[in-house]
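Asks: One letter stands for each residue in the lines below.
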Amino acid sequence: MFKDIFKDTSVRILITFMVVLCVSASLVLPEWMQNNFLYGLSRGLAVLGLMLLWRTNLISFGHALYYGFGAYAVALSQKYFGITDILLRFAIAVIAAGVLGFMLGFILKKYREIFFAMLSLAFSMVLYGLLAKAEFLGSTDGMSISPSTLLGMELTREYLLFLIAFFVICTAVSIQAYLRSTLGHLTTAISDNEIRVEYLGFSVEKAIHIKYVISACLAGGAGGLMAASLGQVDPDSMVNWNVSGELVFITIMSGSGNILAPFIGAIVFEFIRTYAFEWAPQAWQMIVGGTLLAIIFFFPGGIWSVLEKIFNQGKKKNVK
Amino acid sequence: MSSNIVLEVSDLNKSFSGITAAHNLNVSIKKGEIVGIIGANGAGKTVFVNMITGYLKPTSGKIEFLGSDITGIEPRDATHIGLCRSFQISQVFMTMTVKENLMIAMSLAKKSGNQLLKPFQDEVISNECDKILDLYKIKDQKDLTVSTLSQGIRKLLDISMAVVGNPKVILLDEPTSGVSVEEKFGIMDIVISALKQTGTSVLFVEHDMEIVERYVDRVIAFYQGEIICDAPPKEALSNEKVIEYVLGH
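Protein sequence lines, in the order shown, are assigned to chains A and B. Under my numbering, the residues of the first sequence are numbered 1123 to 1442, in order. Under my numbering, the residues of the second sequence are numbered 20 to 268, in order.
These are computed hints drawn from the structure, not numbers from a lab. Only true hints are included.
Using 27 Å as the maximum straight-line C-alpha spacing, the simulated DSSO-like pairs for lysine-lysine come out as follows:
no.: 1; chain 1: B; residue 1: K187; chain 2: B; residue 2: K215
no.: 2; chain 1: A; residue 1: K1328; chain 2: B; residue 2: K76
no.: 3; chain 1: B; residue 1: K150; chain 2: A; residue 2: K1125
no.: 4; chain 1: B; residue 1: K129; chain 2: B; residue 2: K150
no.: 5; chain 1: B; residue 1: K215; chain 2: B; residue 2: K129
no.: 6; chain 1: B; residue 1: K137; chain 2: A; residue 2: K1328
Quantities reported herein were computed from a predicted structural model and do not represent experimental measurements.
Start from the sequences and build out the full structure, keeping to the hints where you can.
Replies: Rendered as structure tokens:
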């Protein structure tokens, strides 16, 4: 599966981008931008999960379920077991969301289109309702998360960014290996023709279930890292329907062309939101909405299609 | 069941909300035999094929494949045991190239979990696919996206995808439907000669009697869900019932 993975152009671009981002965030860019990178990279993992589903023509309007589940798993592991190590936090968030995704996948794999999308949303709102009512989980106030550690040492924001970038590289490279495999190619095949896949001897439901669990793991990991970055989990910022909506928003804005697209999209989203809030605190949602409209009308392939166009034009000029 | 028989259907029935689509069907298919299934629209031909390949569950009756009861089998399990099919409307992956279509089919036919996790662009699989593309005379189109190709090429691809796992029996649902008159004999020549090489038994549903007469060893004629004739082509096509209910003379 991982044979020659580091010869893959997408993987090389991803690693280069992450290295440049970490170095510039550490040496050149102002400190406040580190937060946007932290949140963007964390959220990008959940968007990568949605991108996987989107490639099979499946859209989930309720991925905040796993995002929040991962975040609360981190909070609970700290509350009951005192776990603050970032590696353990990430692993716990991924596993917890994966297990939940595996169980719900038995139901969701049978549905398509709007039913799949809305059923996901319904499950996420059930979790929201439970979290908002559960006093031992902090109810609507949520729970605070102490700073992350690595091998017993407390991490600065800068080092947390490096580690999150490292997690992103490991995860995205694994996803690229999956997409290059036959199982990954079934993604496109299923969206093209489910009947043919069945008659070739592979269960479409099984393929969707596998993909759904991977997607849940990514969203859970994203939630866990976001909780570690924010230092706080609460139902409104982690599980509410608008969080799922934002993830879908970023997925459309990013485009599904490359494993790097979700991370660029998520970082761009953080900056749009920051500046929109700065310039128009009462109407920042209008600016964010307008941006999505512009992308849908003018660049339906998302930010990645724009970058691809620029890159290809540059290549043509070099050839001339 | 005789050792030469690969597929045996006994007393097979299918009804939809009280309407009978198949009534007491009894058919045996020998190894390497080429059987044509004919009948007017709605006669029950496709229902018969769909029941054998697991797309429809029979109301009653039994389907045996190589001596094992496979009644009500799932389509993917039918493929695994060597019972494959092609479709009236080609079921291919439109956004992929011809070779990618075949490579997916080939990788899945390997039946090993490892193959699914290996990089898709596998040299061994690629070489095997090239041989099949050559056999089905679609090698020149291998890098073209399927949506840009003619119905004839799509049909050949559809059939070649069904045979990658070396099935014992293949069911072809109207292999020349939607194909131009000029292309139809060319396509059937390619398909039948390729399948004869592997000794695969073939059942094909067909409306074109020229094709039936030219390629089959035996004809099964359907009318209102029942088999009205099961005989060699010359005998079947001169049968009174077939002339009246199928050929419409």
